[in-house]
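Based on the sequences and whatever the hints tell you, model everything.
In terms of the UniProt record's numbering, the sequence shown is residues 1 to 335.
A portion of the hints provided could be inaccurate.
Stated by the list, open to error - Across the chosen pairs, the derived CB separations fall in these ranges:
no.	residue 1	residue 2	range
1	K157	E99	21 to 27 Å
2	W11	M149	20 to 26 Å
3	C123	K157	23 to 29 Å
4	K66	D154	17 to 23 Å
The set of hints was computed from the structure by calculation and includes no laboratory data.
We put the CB at the ideal spot given by N, CA and C, even for glycine.
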Amino acid sequence: MNRPEPLAEIWRGPLLESVHAGHAVICDAKGEVVRAWGDPQAVIYPRSSAKMIQALPLLTSGAADKFGLTDEQLALACASHTGAAIHTDRALAWLNQLELTDDDLRCGLQMPSDKTASRDLICADSSPCQIHNNCSGKHCGFLTLNAHMQAGPDYEKIDHPVQQACLAAFEEVTDQTSPGYGIDGCSAPNFATTMHGLARAMAFFASARDGGSRMATAAQRLTAAMMAHPELVAGEGRACTGLMRAMDGKVAVKMGAEGVFIAIVPELQLGVAVKIADGANRGAECAIAAILVGLGVLDASHPAAQEFMTPVLRSWRGIEAGAMRPASGLLTRTG
Numbered sequence: 001m002n003r004p005e006p007l008a009e010i011w012r013g014p015l016l017e018s019v020h021a022g023h024a025v026i027c028d029a030k031g032e033v034v035r036a037w038g039d040p041q042a043v044i045y046p047r048s049s050a051k052m053i054q055a056l057p058l059l060t061s062g063a064a065d066k067f068g069l070t071d072e073q074l075a076l077a078c079a080s081h082t083g084a085a086i087h088t089d090r091a092l093a094w095l096n097q098l099e100l101t102d103d104d105l106r107c108g109l110q111m112p113s114d115k116t117a118s119r120d121l122i123c124a125d126s127s128p129c130q131i132h133n134n135c136s137g138k139h140c141g142f143l144t145l146n147a148h149m150q151a152g153p154d155y156e157k158i159d160h161p162v163q164q165a166c167l168a169a170f171e172e173v174t175d176q177t178s179p180g181y182g183i184d185g186c187s188a189p190n191f192a193t194t195m196h197g198l199a200r201a202m203a204f205f206a207s208a209r210d211g212g213s214r215m216a217t218a219a220q221r222l223t224a225a226m227m228a229h230p231e232l233v234a235g236e237g238r239a240c241t242g243l244m245r246a247m248d249g250k251v252a253v254k255m256g257a258e259g260v261f262i263a264i265v266p267e268l269q270l271g272v273a274v275k276i277a278d279g280a281n282r283g284a285e286c287a288i289a290a291i292l293v294g295l296g297v298l299d300a301s302h303p304a305a306q307e308f309m310t311p312v313l314r315s316w317r318g319i320e321a322g323a324m325r326p327a328s329g330l331l332t333r334t335g
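Below is the structure:
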């Protein structure tokens, strides 16, 4: 990965112990790079940070309105959730609405990361279902689009009309031809793009207004749903949920696997993309929080900002042992 730049530092006592390097790009509504760290042309997989892009055809096709989807369902379609009851109950209800079952999902079984849900399954000597998968909301969206298209059941395949619609939307909002795809953890294709392309797509969401083009209206609805329901986009204790709450529903953020994080900032019409080269999520959390502080939309003194941007590292006895902090330059005011 070309020319990654230090973005997050780990200090233990007086010694800089570790550094997370990567790339970060801020784009404006015209698709121009406002500021960048590392290489804007680095090609990455957005992973789950692109779920709102994958949800665009759900709206532009008319499927969401045909099935009367709520804002909660739209937020869940963009989610990487913890498998808590607030997520799985809604996923199951969505499947029932479609007259489908857990077996119709193609995301695979996953133990929930929510401690209560995990404990309940273990105590009941039960196995997780596909609705526990962190991507089950996205896949419920795929199934809804598939029902509208009246296509075949293998909606996760690259040549299926659902995934071809996702690819078309992805290339439109990134304004780039994707160089290829990889298979995500949920078995669906994940299309590659550059850091600039991903930030440009987020700037499109940030500048989209209801009543514009069909794509812009869809982007605005998805962004609004995410900001209104941060608990559905991730879950308690997760960075996406905590940071969105800290910004009072004015910014949408979404993490992806392997150290990817995006932000959609409607009031500034800016899009942000972060990728940590070593794939560390803690580095991505630190970097995105620092950039949001630099943009003036996140208060550095807010507990959520401190939790993810400058967390204290402690020993198992609770003794303060070190801290994480943004690398020099990330906290410089942008704009």
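Going down the list of hints, with the structure as the test:
1. K157 - E99: 21 to 27 Å: Holds, at about 22 Å.
2. W11 - M149: 20 to 26 Å: 52 Å Cβ-Cβ, so the 20 to 26 Å window is violated.
3. C123 - K157: 23 to 29 Å: 37 Å, violated
4. K66 - D154: 17 to 23 Å: 22 Å, holds
Checked against the numbered hints listed earlier, the structure breaks hints 2 and 3; every other hint is satisfied.
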